[in-house]
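According to this note's numbering, the sequence shown holds residues 873 to 1084 in order.
Don't take each hint at face value.
Straight-line Cα separation of at most 25 Å, DMTMM-like style, residue types lysine to aspartate or glutamate; simulated pairs [what the hints assert, rightly or not]:
hint : residue 1 : residue 2
1    : K978      : E1012
2    : K978      : D1006
3    : K978      : E1055
Label-pair ranges, simulated between beta-carbon atoms [as the list claims (entries may be wrong)]:
hint : residue 1 : residue 2 : range
4    : P972      : S1044     : 16 to 26 Å
5    : A969      : D1036     : 21 to 31 Å
6    : G968      : E1055     : 16 to 26 Å
7    : S1040     : N946      : 33 to 43 Å
8    : G968      : W1084     : 15 to 25 Å
9    : G968      : D1036     : 19 to 29 Å
10   : N1022     : S961      : 19 to 29 Å
These are computed hints drawn from the structure, not numbers from a lab. For every residue, glycine included, the Cβ atom is placed at its ideal position computed from N, Cα and C.
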Amino acid sequence: MRYTPIILLSSLLLGCGSGSSSESSSISEPTIPSTNPGSDENTLPDNGNEGGESDPVNDSDSDSDSDSDDTPSNDFATMMLNAVNEARSTEQNCGGAIMPAVPELKWNYDLEEAAFRHSGDMANADFMDHTGSDGSTPAERVADTGYSANAWAENVAAGQQTIDDVMSSWMSSAGHCQNIMSESITEMGASAVENPDTRYGIYWTQVFANAW
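Use the sequences and the hints to build the structure in full.
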């Protein structure tokens, strides 16, 4: 059976005052889960600036014996997984779409690797988009880890300083919220990478998927 991917891109710009300050502003962008990973259209341009050295906020052991685990090996992963599963445990209003409570997700280290690759790319190249600086799409980054997905979604954001902050932004945006509450996904990975020499300073990626 041939599936047609459904991709929806939206953007969210938050800030204090006029929102023009890179110190106070943040931005995020979701994709909607696809049953046949395809290419994404950009809604935000790459500003072309080069950043300095980046520093991962999450620092897990990439050589974990298991790619999927209910108990992630670092505080960042544990906190992010708990935040997502807490949201999924109750009904949510995602921009007017009522999303019922759904089962908990498991942490997957392949999906974390895909998230880390993209957050690091955004932090190093100082941009925020689903398409990587090398032209890669979310589906390609997931596939490059060896994960075979029949459904996937990606949330990205920049500027939020904590997991609570970024989850609040995502849950307040219909597209991001629907990704987090999707019943089509069973696993996730996430990453945040800091680079103080960039516009937003910290770049977040969540990757959700369900394997064949």
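The hints, checked one at a time:
1. For the suggested pair K978 and E1012, the alpha carbons sit about 21 Å apart, so the restraint of at most 25 Å is met.
2. For a cut-off of 25 Å, the pair hint linking K978 to D1006 is broken: about 29 Å separates their Cα positions.
3. Taking the CA atoms of K978 and E1055, the gap is about 13 Å. The hint holds against a cut of 25 Å.
4. Range check, P972 to S1044: about 19 Å between beta-carbon atoms, so the 16 to 26 Å window is met.
5. Between A969 and D1036 the beta carbon distance is about 23 Å. The supplied range of 21 to 31 Å therefore holds.
6. Roughly 18 Å separates the CB atoms of G968 and E1055, a value that falls within the hinted 16 to 26 Å.
7. Against the hinted window of 33 to 43 Å, the Cβ-Cβ separation of S1040 and N946 comes to about 22 Å, which falls outside the hint.
8. For the hinted restraint 15 to 25 Å between G968 and W1084, the CB-CB distance of approximately 32 Å leaves it violated.
9. In this structure the hint that G968 and D1036 lie 19 to 29 Å apart at CB holds, the actual value being about 24 Å.
10. Between N1022 and S961 the beta carbon distance is about 24 Å. The supplied range of 19 to 29 Å therefore holds.
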